[in-house]
Amino acid sequence: MSASTASVIGPLAVGDVVAERTVHLTRESLVRYAGASGDFNPIHYRDDVASAVGLPGVLAHGMLTMGLAVGTIEPWLGDTGRILEYGVRFTKPVVVDPETGADVTVVAKVGAVDEASARIDLTVSFEGATVLVKAQVRVRTA
Amino acid sequence: MPVNPELVGRDFPPTTPYLVGREKVREFARAVFTDDPQHIDPAAALALGYADVVAPPTFAIVVTDATLQQLLGEPDSGIVLKNVLHAEQKFRYSRPIVAGDELTAKLSVTGIRAMGAAAMVTTESEITDAEGGHVVTTTSILLVGEGDE
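Residue numbers (the working numbering), protein chains in the order written: chain A, 22 to 163; chain B, 3 to 151.
Calculated from the structure, these hints are not laboratory results. Being a predicted model, the structure only gives us computed values, none of them experimental. Hints may be right or wrong, so weigh each one.
The list that follows gives simulated cross-link-like pairs (lysine to aspartate or glutamate, EDC-like), each with its CA atoms no further than 20 Å apart [to be verified]:
#1 Lys92(B) / Glu76(B)
#2 Lys26(B) / Asp131(B)
#3 Lys130(A) / Asp142(A)
#4 Lys26(B) / Glu49(A)
#5 Lys84(B) / Glu106(A)
#6 Lys113(A) / Glu90(B)
#7 Lys130(A) / Asp37(A)
#8 Lys26(B) / Asp60(A)
#9 Lys84(B) / Asp60(A)
#10 Lys155(A) / Glu90(B)
#11 Lys108(B) / Glu133(B)
#12 Lys113(A) / Asp142(A)
#13 Lys84(B) / Asp69(A)
#14 Lys92(B) / Asp69(A)
#15 Lys108(B) / Glu106(A)
#16 Lys113(A) / Asp68(A)
#17 Lys92(B) / Asp60(A)
#18 Lys155(A) / Asp37(A)
#19 Lys26(B) / Asp43(B)
#20 Lys92(B) / Glu49(A)
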């Protein structure tokens with residue numbers, strides 16, 4: 022399958038913000054992700070189960086947070102086929118209140134640049150705390 | 003340590019082929035808040051050089067669910083789902099997943115190390131298409147705690 026023939030991205034400088042957004046999650050978002058992904062762990066939709074295993078509340082799926090984080094750069098990137106690698110560490114849970122939900126903020130910055138690729142660092146936060154650490158996307162720029 | 007160290011190097015069979023559907027791609031894209039046309043509109047995907055809609059980058063995790071089930075299904079693994087926390091996730095792509103792909107995942111457990119009373123288990127799933135070409139490799143680090151069903 023041929024990859025994109027779209028033009029080169031850039032020029033990029035370390036520290037440039039290439040994209041940012043805030044996504045409002047609700048309990049409906051979690052049920053929707055459960056159905057779409059097949060991850061039906063009840064800690065993502067049942068308060069009683071979440072509290073029984075010692076969690077502060079119903080949590081967003083880590084893979085939902087990871088998925089929406091990289092989605093932030095897609096309009097800038099143009100073609101997801103440019104993504105060579107994407108990795109994260111899950112550090113803090115995103116607790117989704119049944120009434121008020123949760124706002125997850127993503128800021129995507131250029132972390133490193135070489136001739137043919139760039140590393141985009143995603144800062145993903147909830148209530149002022151970072152929820153994904155070392156969230157890095159390596160993209161083909163040439 | 004709760005996890006059987008002999009899982010490292012064990013040979014797991016390739017999973018049953020997963021056929022990627024156009025509506026599944028659209029459903030997943032909506033669920034991860036990505037409404038980029040390449041995920042929704044076949045014409046937009048075609049303009050980028052793909053045969054059909056392109057799955058969002060983390061869709062590969064859906065295909066690897068079958069390998070997680072293989073791991074949990076090993077009677078001597080010591081791994082119980084409720085004790086599992088997802089600690090790290092990485093994807094390494096040769097190309098994006100596209101609707102119409104028939105994908106197979108091959109699981110390997112590449113590392114297990116004790117961490118207090120728990121264990122850090124590193125698994126890799128290599129996803130290939132119907133022609134045997136590499137699509138994406140997923141690496142998951144799971145923190146597995148103690149406790150029975």
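Checked hints:
no., hint, result
1, Lys92(B) / Glu76(B), "violated, 24 Å"
2, Lys26(B) / Asp131(B), "holds, 17 Å"
3, Lys130(A) / Asp142(A), "holds, 5 Å"
4, Lys26(B) / Glu49(A), "holds, 18 Å"
5, Lys84(B) / Glu106(A), "violated, 29 Å"
6, Lys113(A) / Glu90(B), "holds, 12 Å"
7, Lys130(A) / Asp37(A), "holds, 5 Å"
8, Lys26(B) / Asp60(A), "holds, 14 Å"
9, Lys84(B) / Asp60(A), "holds, 13 Å"
10, Lys155(A) / Glu90(B), "holds, 10 Å"
11, Lys108(B) / Glu133(B), "holds, 15 Å"
12, Lys113(A) / Asp142(A), "holds, 18 Å"
13, Lys84(B) / Asp69(A), "holds, 14 Å"
14, Lys92(B) / Asp69(A), "violated, 31 Å"
15, Lys108(B) / Glu106(A), "holds, 19 Å"
16, Lys113(A) / Asp68(A), "holds, 18 Å"
17, Lys92(B) / Asp60(A), "holds, 18 Å"
18, Lys155(A) / Asp37(A), "holds, 17 Å"
19, Lys26(B) / Asp43(B), "holds, 13 Å"
20, Lys92(B) / Glu49(A), "violated, 27 Å"
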